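These protein sequence lines are chains A and L, in that order. So for the first sequence, the numbering used here puts the first residue at 1; every next one is plus one. So for the second sequence, the numbering used here puts the first residue at 1; every next one is plus one.
FYI, nobody ran anything at the bench for these hints, they're computed from the structure. This one's a predicted model, so the numbers in the text were calculated from it and none came from an experiment. Warning: the hint list may mix true and false statements.
A few chain L residues facing chain A, derived, Cβ under 10 Å [what the hints assert, rightly or not]: (1) G15; (2) E54; (3) V226.
A virtual CB, placed ideally from N, CA and C, is assigned to each residue, including glycine.
Number of protein chains: 2
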Amino acid sequence: MSMREINLPARILMGPGPSNVHPRVMQALSSPTVGHMDPTFIELMDSTVELLREVFQTKNFLTLPVSGTGSAAMEAALGNILEPGDTVIIGLNGFFGDRMSQMASRWDVEVVLVEAEWGHIIEPEAIGKELRRHKKVKLVAMVHAETSTGVLQPLEEIGKLAHEHGALYLVDTVASLAGCHIPVDEWGIDICYSGSQKCLSCPPGIAPITLNDAAIQALDNRKSKVHSWYLDLSLIKYYWGTGRTYHHTAPINMIYALREALRVVLEEGLENCFARHHRNGCALRAGLEAMRLKFLAPESYRADMITAVMVPDGVDGEGVRQVLLNDFNIEISGGLGPLKGKIWRVGLMGQSSKASNVLGFLTALEQILTKEGFEVPQSAGVNAANKILATS
Amino acid sequence: MSMREINLPARILMGPGPSNVHPRVMQALSSPTVGHMDPTFIELMDSTVELLREVFQTKNFLTLPVSGTGSAAMEAALGNILEPGDTVIIGLNGFFGDRMSQMASRWDVEVVLVEAEWGHIIEPEAIGKELRRHKKVKLVAMVHAETSTGVLQPLEEIGKLAHEHGALYLVDTVASLAGCHIPVDEWGIDICYSGSQKCLSCPPGIAPITLNDAAIQALDNRKSKVHSWYLDLSLIKYYWGTGRTYHHTAPINMIYALREALRVVLEEGLENCFARHHRNGCALRAGLEAMRLKFLAPESYRADMITAVMVPDGVDGEGVRQVLLNDFNIEISGGLGPLKGKIWRVGLMGQSSKASNVLGFLTALEQILTKEGFEVPQSAGVNAANKILATS
């Protein structure tokens, strides 16, 4: 069994990542492996960093891809700043805020959770209150697009509050980078990271991160070593930055792929890329609404790249997902944690964010729901989506 | 600059890894990305684990690829077993033993170093002495093939000593797995890990690890959480083993590549693969010796997959490496740490371990050394290597 060929299906990836990969990225991924100290590779590293800075809209020197998936970047971001005795405020309104807290609580750090119901945003004032209540907060950490709920968290005001209280500001943009406007420098984000397999449409396994001077200073001023050698940016920075000192062997081919993915995004243009994500997100929501489906998140905070739809009463959510996968080759995702079985999560990220995916998915869903006995006005979803796609 | 095409040269990779990648592995790498919970991917995960067990020669249930490079697996191996207050004995006779100690010293662990000169093995009795001297040693950690020195460490006796004293036995086989005989179960190795880009000839970025029941028991009995969430095997085991609970998004395409690399190795057959590494290693050493070059390691402990040759007096080692790269497209490596500038490291790992590489390298080196004014008997290297390649 283990030795036989496995034929991988060409899925339409409309879950919360991975998204579909551009053919050019696949080609780059399978380019000849060179050594991690090869002059050609060093040049490629430099240009990858430059492209990352453009996508993060930052001038930060310390910008690089972490050799792991988005969660590795999350741990690198938190773990390089926090040390025993520090206080961190974490916004928790979904699965990934919870993950941050699970990480930070391992390092003798005081973790202050500011919670909101899953599906809602964290109110800036709730963060402000905790900032005032605690003597010295080192870090405020927020998730931008919570893929577990489809909520897009407003960022600017919380950043200002953090800085007013002398705290650093960390933002998770795993699902949002390249999908909507994230001007890292302008919004005062001190530490920002992302993943590769969402709006960047690269396979998973490499994760961009950027730290500004204030964050580097915090790193430099640490009294204790970073908990993880593998993720220790005070060492890694000498491989990616000045010196080129070997730290660990970079995931070379994944870096080829990331660089190509960044080129694809920047060739389209950031603004065009954001507009495409917004247009397709609007079309999907309009379609689902016309099919009389409800959303988890309130209207004003719905992310374009990931939509959480309530599974209608009496419908077997998991069953629908299986039919979508088996009969239509479309992957969407279910709910995590307390939302398990209650929602579907439909992603429109990177190369997966396209009109044909919106229309194909709505058509398939209508067919399946109708069979399941859930009454859907005929073609209402596709028509509503089409209206938006045609006019924008 | 950053947006332009970068043409990657098809190097002959004869450094300490990455090694050249088999075309079938490249093809697998660029197969369509599917979701990390896709039934096709789950099936592929299962078969990858089965193939890993064959290569590790183990029945260990907990066998999986860590989502990072070899150093991530090193940190996972050490960090899942060790917790504050524990004592670990680490054999230090090269760069990677030192890396282990740099990791373990971050976690309030007592690190006992058993040192030997770089280029020499660690004598089992030296480990035995420290095992007797310390009351309760949790773990003994050794590097099998030290790529920094070309030394192959004998493993069996140290394992027995560790177990006699109730310690677990951890072995780094980053450079040796699939290059020589490593029967994990038979040799009583409790925790073993490797890298992908050495004798497995897969691109870097994914790293196999295996833990037996005794190691899992140590993990289960921990009083504190593992230092790293990303590398926490007590969570990851539920994604790779029973339950299929999502932990982090697996580096999907890298796992495709690893699986194909394992298939390539097992199709050749482990014994054939070891014999090939041995034959080519012998041929290389015979050639270098005939060219009057000296080795760092004593004869009985020279690894077949990586050879450390002394740079002859008066020869510019770095200059020779550059000519090899620029004029012959061959990558070899220099020395690390105290051996910087003093040795060349020539790898014959995985797909890079082939007769044509041995002969091509010896020919190129003769030409360059002759130009440099170092007297080499004409064709002596190639002839000596050929003799071995022809008779075996």
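* Asked: For this structure, which hints from the list above don't hold up?
  -> Checked against the structure, no hint fails, so every one of them is satisfied.
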